[in-house]
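We have chain C; now place chain E onto it with these hints.
Chain by chain, the residues run as shown.
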Amino acid sequence: MTSATAAFPETGGGRSGTFLKFAEWQLALPLALAFASIFLAPLLMLVGVSFFNDDKITELGFAQWVKFLGDPFSYKVVADTMLLGVKTMAATVLIGYPLALVYLDATPRLQKVLIFIIVMPLLLSVVVRTFAWIVVLGHEGVINQLFLSLGLISEPSRLLQTELGLVISLTQIEMPLMLLPLISVMSRLDPNMRDASAALGASRWRTLFTVIVPLSMPGLVAGCLLVFASSTTAFISQTVIGGVRLIYLPLLIWQQSLVVFNWPLAAVASLTLLVSVLSVVSALSYLGRRSSGYMHG
Amino acid sequence: MGRRRSFTDVSYGLVIGGLAALALLIIVAPVVIVLMTSFTEGRSLKFPPTGFSLQWYEALFDPSKSRQIHRAVSNSLEVAAYSTAFGVLLGSLAALGLMRSRSKLARFADGLFMSPLVLPGLTFGLAALMYFTLIGFRPSLHLIIAGHMIVTVPFILRTTTASLSQLDPALLDSSQSLGASWFYTLRRVTLPLIAPGIFAGAFLAFMASIDNVPVSLFLSTARTDMLPIRMWGMMESTLDPRIAAVSGVLIAAAFLLMLIMEWTVGLTRRMRD
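Line by line, the protein sequences are chains C and E.
Residue numbers for the first sequence follow my numbering, so the first one is 1 and each next one is one higher.
Residue numbers for the second sequence follow my numbering, so the first one is 298 and each next one is one higher.
Next comes chain E alone, as it looks inside the complex:
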């Protein structure tokens, strides 16, 4: 470290440091700017905002003026809750089932279950719309739940499989050799040990469902409106300033979630490992 700093080392610091600072600015600035404009007194969303008021938040929380938005929020929460619940049930069962199998078919099944992660979501969304329509289903939240389950279950499968692979097989063997049934072993040994993995996957799946655009875009209708699609509508033609307030609420929610995840499961530590 006591080495004389040469020209190239200084240039390294300047270039790398400068680009990294630009990256941080690009990541953070838009979020801060949106938060600031959401408190504007003006009728439009220009920057810098004029004055301070909560008018757009008041408009957003007004139950009669913003009924559509409220319904979209409750639809999104309902779909995320159900699709995550089904995903946890089917996904963790499948992870348990494929845990010890090394056969070609098990590998194929695993690849199939993970494929929604790489497949363009729009292709699946359109396919689901055609399929459900042509076999005669009417648009409903149930179909959106089914579609979201497919695209979010890989998150649950991945984290659950990861925690299963860290499970010491000796624990399961000793539980069985001590006379515990398969189900008892599952309930008292396996599940408690993989619960953090399942929970992490469920969290990611829930967030992915809330934020899903490609499936909701094709499967939702005016009656089954979803929040991201509603928000898209709010900025597509003329900009509805309430979207700044929606964004403000979502930014606050994301910030809170980060803090909660950090305190409970040490999110940043997990991300690094």
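This is chain C alone, in the form it adopts within the complex:
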């Protein structure tokens, strides 16, 4: 907590520099103090609270960790949460990557329209986007009405409160997070690369997989990271579309902290969420660095 502030005089060359340099690092102090007192301190306290046995937070011990890590149900919840993130990530890549390719080939005018369509959902509350899927997937929703009238199904099928429905919804909800890094990396690609590949006789498929995909890897990895991190912690979408029967870590954390008031167990669950999300995220970014390192050397 103090490490962020105490050692600051070392930046900017200490007092050996001019007064100017000395003053400059101090400008970061107010934010550093804010982060120490309302970011690091709460997180440390969260770790602390997880090591109490009882929900009155009086008795130190590992009981909650033992309880959480000894329960097969916890592993199922963690695995389901991670799988939800992976499935959403795969679905956004499957339809988002082609859209980015189409964007790349589009005329500037069409590009403007596409960017507008892609960015606008970002300005739209996640709750609105979640609500939209209730209208689409609900019992009297768009998909059921459409399929009923086409005679594809004879009675409304259940789409809300299923994992399939949740993955479809999250695919739309998280799509901008995939598309923006992808498009920003792809539009910096040298168009000559693709032309050269085509001139050398490669089919468009071959150009895609041997030229465009490897070169756009940094954008793809960045998009995957954001989508994974966001969909695994999307509390509102998970609870409203997934319902209470599909239990993911965020719901568990919310129940334990604000319904059952077992703070130590909630702390254990949220630290588990933190560790599992961060380890997948760092594994992905490691893969991303390796693939881009391979490209350049």
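Check the hints yourself; a few may be wrong.
[Stated by the list, open to error] With the Cβ distance kept under 8 Å, some of the chain C side facing chain E (calculated, not the full set):
1. Ala41
2. Gly96
3. Glu140
4. Ser197
5. Leu200
To be clear, the hints were calculated from the coordinates, so they are not data collected in a lab.
From a predicted model like this one, the values you see are computed outputs, not experimental measurements.
Built from N, CA and C at the ideal position, the CB exists for glycine as well.
Leaving out everything else, chain E in the frame of chain C:
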């Protein structure tokens, strides 16, 4: 281009084009459908909507019937305004402070300030709830403002640092060698040049605060209700059709904001670069 189109090229066009069309449909259709259902004449939100009426908008704008929603909106706006203002102040100062430092500690500080972007928001939200409660604070908008400031300041820091890194150091040096004080240089040279970056960051931070769920979920109470949490309540157990009207208003607001951003700062151009 005059090449004969082979089978593989046609299949490429079909598959890629088809998947991209599906992506566009999935992005756009739900938004359009929500807008249409919000004008329904019926008592429920089924699709296709029956008739046309503004009943849910009337219910939403009725000050006595929808008092809770109105309070949540004003709370959300207040929190977003204050947390963005504090974020701009502290964030741009920190960006200036860390601008020229290459030390390990400066890099650590930068990593720390950006970490709320990757940290699961729920973990911080719960941590903040425990911390504020255990040290004896009562729930209030101030605590929510503090929490939102932490999770939205990375946006301000990132855009401000980006515009600082494009600043030509020769400008600052010449200003100083001409006898301008550090503060005068800041006011007349640095700030005007990085203002667009700060503004872009402030905009992103404001929007992120309005839309924040994980921090508000833990820090807000019935008295300090926030809009996304209120909306969650409106669809959690039984669906309150006024949420369609709220969504309609927010969709219109997002559309307007996009147009304004496009005209003023060329948002789509910035996104592409």
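Going through the hints against the structure:
no., hint, in the structure
1, Ala41, "6 Å, holds"
2, Gly96, "6 Å, holds"
3, Glu140, "4 Å, holds"
4, Ser197, "13 Å, violated"
5, Leu200, "13 Å, violated"
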